[in-house]
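Work out the full structure, taking the sequences as your base and the hints as a guide.
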Amino acid sequence: SAVISQKPSRDICQRGTSLTIQCQVDSQVTMMFWYRQQPGQSLTLIATANQGSEATYESGFVIDKFPISRPNLTFSTLTVSNLSPEDSSIYLCSVVGADRGSYNEQFFGPGTRLTVL
Amino acid sequence: DAKTTQPNSMESNEEEPVHLPCNHSTISGTDYIHWYRQLPSQGPEYVIHGLTSNVNNRMASLAIAEDRKSSTLILHRATLRDAAVYYCILRDLKTSYDKVIFGPGTSLSVIP
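First to last, the protein sequences are chains B and C.
Taking this note's numbering, the leading residue of the first sequence gets 62, the next gets one more, and so forth.
Taking this note's numbering, the leading residue of the second sequence gets 1325, the next gets one more, and so forth.
It is possible that part of the hints are untrue.
Said to hold, decoys possible - Quick look at which bits of chain B chain C covers, simulated, 3 or more residues with Cβ under 8 Å:
1. 73-86
2. 165-173
Stated by the list, open to error - Quick list of the computed label-pair ranges, beta carbon to beta carbon:
3. C/Thr1329 with B/Ser88: 40 to 46 Å
4. B/Asp72 with C/Ser1377: 33 to 39 Å
5. B/Ile73 with C/Leu1404: 41 to 47 Å
6. C/Asn1332 with B/Asp72: 26 to 32 Å
7. B/Cys74 with C/Asn1381: 37 to 43 Å
8. C/Thr1403 with B/Val123: 25 to 31 Å
9. C/Leu1375 with B/Gly77: 35 to 41 Å
10. B/Gln89 with C/Glu1339: 38 to 44 Å
11. B/Lys68 with C/Thr1350: 38 to 44 Å
12. B/Pro132 with C/Arg1401: 42 to 48 Å
13. C/Ser1349 with B/Lys68: 22 to 28 Å
14. C/Leu1404 with B/Asn143: 39 to 45 Å
15. C/Glu1338 with B/Gln102: 42 to 48 Å
16. C/Glu1338 with B/Asn143: 42 to 48 Å
Stated by the list, open to error - From chain B, some residues computed to sit far from chain C (all C-beta separations above 12 Å):
17. Met92
18. Gln102
19. Ile151
20. Leu178
No lab work stands behind these hints: they were computed from the structure.
Even glycine gets a Cβ: it sits at the ideal position worked out from N, Cα and C.
This is the structure in structure tokens:
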């Protein structure tokens, strides 16, 4: 299994500022993912972050708004830039565990709850 | 990823079995059926997966239709801790390292 921690667990930010969320994994993983979960909604994938390459963003998400760093195999950051109230969500980090042949379990962090005023 | 369809919500009485259905009529031959659940204020967690045969683990059972176009997650005795959103997801074996794409899921309420 993979244990994931995120910092901060929650934050309240002012409109126009930025928030950087850290994701730390207790083992080396190739692929890391960032998701957003808006209030009362399911999870939406923002981007895939592989170490040593640029993050791959899903439709509707752009690097200028959600820059991602992946400096090594156990750590990643997601920055949410130029905040607006619509960015108020829970942001979750996720990794794929070790190859188990028929499936690769995906593990999730506890999330960072962001409120933008 | 092929699409899945689940009821928005279901209710169960505590200590009774719960059957959570999932339709996936466009499933391909290499798609595995995965279930994840998200407890309140937590990230999702893996529950169970299968390809063709029914599967059991300590958390739940997965019953897969013979034509694989539907499946049912079975919680044998619902507890209050099982109140969560349950997601049925198809993952292609060929891209099993790929990301999980979530649908709306089924919100399960457990009544004491």
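* Hints not upheld, ascending by number -> Of the numbered hints given earlier, those the structure breaks are 1, 3, 4, 5, 8, 9, 13, 15, 17, 18 and 19, listed in rising order.
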